[in-house]
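Student: Single-letter residue listing:
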Amino acid sequence: MNTTYLSLEIKRIVRSPQFTIFTIGMPVAMYLLFGSIFGKLIMANGLPADVQTMIKLAAYGASGGALFTGTRVAQERTDGWQRQLRLTPMRGPGYLVVKVLSAMAVALPVLAVLFLAGLATGVEMTAAQWGLVLVSLWLGVLPFAVLGLAIGLFGKGDTVGAVTGALMMPLGMLGGLWIPLEVLPDWMSTVAHFFPTYWLGRAGLEPLAHQGGLGFAVLVLAGWLVVPALVVVRRFRLDTARL
Amino acid sequence: MTGGPAFALHGLTKWFGSITAVDGVSVEVARGEVVALLGPNGAGKSTTVDMLLGLTEPDAGEVTVHGGSPREAVDQGLVGAMMQNGALLPDVTVGEIVALVVSTHAKPLPAAEVIARAGLEHLVKRRCGKLSGGERQRVRFALALAGDPRLLVLDEPTAAMDVDGRRAFWAAIREFAAAGRTVLFATHYLAEAEDYADRVVLLRHGVVVADGPVAEVRAAVSGRVLKAVVPGATEADLAALPGVTTVQLRAGRAELACADSDAAIRGLLAAHPLAADIEITALGLEEAFLALTAEEAAA
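Protein chains in written order, with numbering that gives the first Met the number 0: chain R, 0 to 242; chain W, 0 to 298.
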């Protein structure tokens, strides 16, 4: 593993305006807005609204940021950067691993900022709960990093950027991360069950809600990890052969 | 380390659909040679370079670089390459991108030395997206040097450089080659091939049409032009002279392309004693290049 490349990738993501504005700024703003509307109101699952809103918007920010890995990969394909790397001893898998790990690494500060916003506005959890929520959300980001990579290997930079941006809307909305599913029409809540974001939200709430079905959430997210991963491997091989 | 060739191409062939981009190219380059791969656009230079670097698989033929496959040579840092429009990361600084490529090699040059050799000291903190065309070429050159290669492959290296940039660039290449390393550069600038290469490989429609020292390639097109004012002579008269291959007559001034200019001048003076203003010149590489690449139109 090339740690120089990994740290450079992390630096590139963190200093991009995309990261500050969309990945962190937007979910924080949404949390402050929705959090203040619903406050400590107890929702259908018995949890106060502010905790849930914080967890779900943390999930939204971190998964969206990971998905944007694809935009950078697509841009680099358009520019011919992978071809340039083929003139170095670095191999394709090394490149893909750096992309996924950097997406995972930057998810941590995203989650941390949302948690800080929660703390500052009076969200209450036990220390163990804070830790478990962090870990389950963070691990749940992995499928999104790989999914982003899979999307990124199919298009050009600007197209993939637009597609990813457009995708985050239904993923956030219908995945129930923006507003609780209970307030949405029934059909939407049915559709939600097909979205990885819904299961990420469930996994994030599990340390508090004990709704059960954590095993199923893990299974669905694993599916959303394995399928894109197979696409990535296959696509990257073809891509490399053609370059 | 053995003393085999720096690289060898045997019967290298590449088709793109029905077009044969490279057609049976065989070239062997010894270590320490500086070779120009010369040809007009579309001659197959870039495709040949891509196959030499393992970026493109040949449809037929074989490539060996320092005795191994191109990929092995890249992995061992034996070959460094500077590609035409090679990608850089626009949001990354020159210092960062050099450090990154250095980090991929097992036995690299120190980043500071790479920066110095490419003349990038004052640009270390500049983002690649803010560089001029010539500066970007220097960064690509730096990336090619990172692995401390024995063979440097350059595809149209000076295309975006100004005159000073070119001079500085070739000075750096000479320094590199002086240490007994090999350089192959693809170019359509004849002057560069003439000035900097020990040897020229001339490519046309994917075929090697000439290969040898610059002077030899020039001579291969029967090197001289005889110009004179010849009162009363017709084109037919002049074409009949010994050693003359083609004749052009303009406003009383004859221009004779000669396979043997000595025989031609004796014959001219014997038949036309009044011939005046006589001038005999060797063909420059420019003319040799045009003659060789124009052959097909005549054939």
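Hints in this document: simulated from the structure, not taken from any laboratory.
Among the hints, a few may not be true.
[What the hints assert, rightly or not] Capping the alpha-carbon separation at 27 Å, the derived lysine-lysine pairs in DSS-like fashion look like this: (1) W/LYS124 to W/LYS106; (2) R/LYS155 to R/LYS10; (3) W/LYS129 to R/LYS10; (4) R/LYS10 to W/LYS226; (5) W/LYS129 to R/LYS155; (6) R/LYS10 to W/LYS124.
[To be verified] Partner residues aside, some chain W positions facing chain R, computed with beta carbon under 10 Å: (7) GLN75; (8) ALA86; (9) VAL91; (10) LEU130; (11) GLY133; (12) VAL228.
[To be verified] Here's a subset of chain R near chain W, in silico, CB distances under 8 Å, partners left out: (13) ARG85; (14) THR158; (15) HIS209.
We put the beta carbon where it would ideally sit given N, CA and C, even for glycine.
Student: What's the verdict on W/LYS129 and R/LYS10, does the C-alpha distance respect the 27 Å limit or exceed it?
Tutor: Holds. W/LYS129 to R/LYS10 sits at ~18 Å (cutoff 27 Å).
Student: Identify whether the interface hint at R/HIS209 stands, where standing means a beta carbon of chain W within less than 8 Å of its own.
Tutor: 44 Å, violated
Student: Classify the hint on W/LEU130 as holds or violated, based on whether any CB of chain R lies nearer than 10 Å to its CB.
Tutor: Violated: closest Cβ of chain R sits about 14 Å from W/LEU130, beyond 10 Å.
Student: Going straight from one Cα to the other, do R/LYS10 and W/LYS226 come out at no more than 27 Å?
Tutor: Outside the cut-off at roughly 67 Å; violated.
Student: Does the closest beta carbon of chain R sit nearer than 10 Å to the beta carbon of W/ALA86?
Tutor: 4 Å, holds
Student: Taking only the CA atoms, is the gap from R/LYS10 to W/LYS124 under or equal to 27 Å?
Tutor: 15 Å, holds
Student: Would you mind confirming whether the straight-line C-alpha gap from W/LYS129 to R/LYS155 stays at or under 27 Å?
Tutor: Holds, at about 22 Å.
Student: Going by Cβ atoms only, is R/ARG85 closer than 8 Å to chain W?
Tutor: 6 Å, holds
Student: Tell me if W/VAL91 is really an interface residue toward chain R, meaning its C-beta lies closer than 10 Å to one of theirs.
Tutor: Check passed: Cβ of W/VAL91 comes within 6 Å of chain R, closer than 10 Å.
Student: Can we keep the W/GLY133 interface hint, with Cβ of chain R closer than 10 Å?
Tutor: Check failed: Cβ of W/GLY133 comes no nearer than 18 Å to chain R, outside 10 Å.
Student: Between W/LYS124 and W/LYS106, does the CA-CA distance stay at or below 27 Å?
Tutor: Roughly 25 Å between the alpha carbons, so the hint for W/LYS124 and W/LYS106 holds.
Student: For the hint on W/GLN75, does the least C-beta distance to chain R fall short of 10 Å?
Tutor: At about 8 Å, which falls below the 10 Å cut-off, the nearest Cβ of chain R leaves the hint on W/GLN75 intact, so it holds.
Violation of the numbered hints given earlier is confined to hints 4, 10, 11, 12, 14 and 15; the remaining hints are satisfied by the structure.
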